[in-house]
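Undergrad: Please put together the full structure from these sequences, using the hints given.
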Amino acid sequence: MERDFFKRYVEEHRDAFENEALPPNMLGNILNKLEERKSVEANLKLEAAPKSRKLTYTWLAVACSLFIVAGAYLFLSQEKNELTATPTQIVSTNNNNVEPAPFSILEEVEPAVKSTNAVKKQRILVAHQPKVDAHKEIYTGLSDSSSVANRMDAIIKASALVVLNEKMKTELCKTFSDDNNDNVRLAALEVLSKFSNDKYIHEQLMAGLSKQKDPIVQLELVKIMGSNSNPETTDKLIAMANNPFTVDAVKEQVHYALLTNNN
Amino acid sequence: MHLSISINEQELVQQCVAGEEKGYAMLYNKYAKRIYHAVFRVMGNSAESEDIVQEAFCTAFEQIDRLKNQSNFEGWVKRIAINQAISALRKKKMVFADDSQLEAVADEDVDLDEEFLFQCQVDDVKRAIQELPDGYRTIVSLHLFEDMGQEEIGRMLGINHTTVRSQYHRAKKKIFTALKDKAYYGT
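Protein chains in written order, with this note's numbering: chain A, 1 to 263; chain B, 264 to 450.
Read the hints as simulated data drawn from the structure, not as lab findings. Predicted model only: the values in this text are computed from it and were never measured. Beta carbons are placed, not taken as given, at the ideal position from N, Cα and C, and that holds for glycine. A few of these clues could be false.
[To be verified] Distance condition first, Cα-Cα at most 20 Å in a straight line; then the derived PhoX-like pairs of lysine-lysine:
1. A:Lys7 / B:Lys389
2. A:Lys38 / B:Lys285
3. A:Lys7 / B:Lys443
4. A:Lys213 / A:Lys199
5. A:Lys169 / A:Lys199
6. A:Lys7 / B:Lys436
7. B:Lys293 / A:Lys157
8. A:Lys174 / A:Lys211
9. B:Lys285 / A:Lys33
[What the hints assert, rightly or not] Simulated DEER-style distance windows between Cβ atoms:
10. A:Phe245 / B:Phe381: 33 to 41 Å
11. B:Tyr447 / A:Phe245: 36 to 44 Å
12. B:Gln384 / A:Phe245: 24 to 32 Å
TA: Below is the structure:
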């Protein structure tokens, strides 16, 4: 490719092409990741070292212990199969007659299940398993301070939830309030806005009116909270309008919200 | 001047090899912005770009003792980051297609007027590049900003160098069309 005037344009305006600021705390995340990896590597080395020493002592000892472990495993798994044979049958026969809703299964099979506590526990665990995992995944994603994409992904998953439990509310509000990435806070706000009638969430959103500094987040927050005629919300909106650091577009939205509220 | 910069960089690399945090921080502060923008131009997405840049710096710092030319840390990390960005695009099922598979766009005559380009605002040019399809944008970014030749880009993306050339020219026409639309209609 010959050198063209397009390239010359880019070279002459290079600084203007790269004038946007870096996302915050990237260096901190890099140093944390390096630390984590170093400690994982050190642990792996520590774990590997005694194993290799044991192996060099005597192959016979290892072979014997393996034999004992394998024997014990076979014995226990056989016993376990006998114990679990009955509940499995109950589950499979009932599943054929049941409606798709997972929790109604539990009620229908209850009389049969009551005979053994172990079976009941097992069924409850099976019925609740996916829900717990989905929530856990979201909590893990939200707390991943090293990856914006993971946090965004967790928020997208949370947006599919119809009801938020207390922990989920707290985690999402924490993300909305404290996350250092504007896009993540904005996405959390979008999810929380669906539940703005909830008392706790409403309080957190109201606190955001004085805490959030990013204009895009402020704009969305004012749009959500603007329709609320609570005197405390009105006070915070007035404070935003009077703040010299509030950008004009946000001020306009605040004025609009205050005017429409008074009507 | 150039000599002192390279000595400094070598010292910083040596500090990193010794595991000193100051070395990491100084090399990061020196090059992160340029590398982030290079990745962002390829990915077109800030969250993914942030993850890729973090991962690239981690990989580089972990393997810094393998860096042969210690005065070219920037080029090395940038290469790691761009490779990771291209892999990420591939994971998203993006295909760097050959000419035959491409739409017959931008083949109409567009006057590539140098004077017109130099009258354009950088923000408009930036937006026109960002709005290109992923494949075109990657080629334009690598050639214009990273100064890579067509053979090198072709090897990196796994396509023929003539395809790189023709896609680059089509991309340029698309950029000009967008800029002219903006100039005439203000859109």
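Undergrad: None of the hints should be skipped; say for each whether it holds.
TA: Results of checking the hints against the structure:
no.	hint	verdict
1	A:Lys7 / B:Lys389	13 Å, holds
2	A:Lys38 / B:Lys285	17 Å, holds
3	A:Lys7 / B:Lys443	18 Å, holds
4	A:Lys213 / A:Lys199	23 Å, violated
5	A:Lys169 / A:Lys199	11 Å, holds
6	A:Lys7 / B:Lys436	14 Å, holds
7	B:Lys293 / A:Lys157	37 Å, violated
8	A:Lys174 / A:Lys211	12 Å, holds
9	B:Lys285 / A:Lys33	16 Å, holds
10	A:Phe245 / B:Phe381: 33 to 41 Å	37 Å, holds
11	B:Tyr447 / A:Phe245: 36 to 44 Å	38 Å, holds
12	B:Gln384 / A:Phe245: 24 to 32 Å	27 Å, holds
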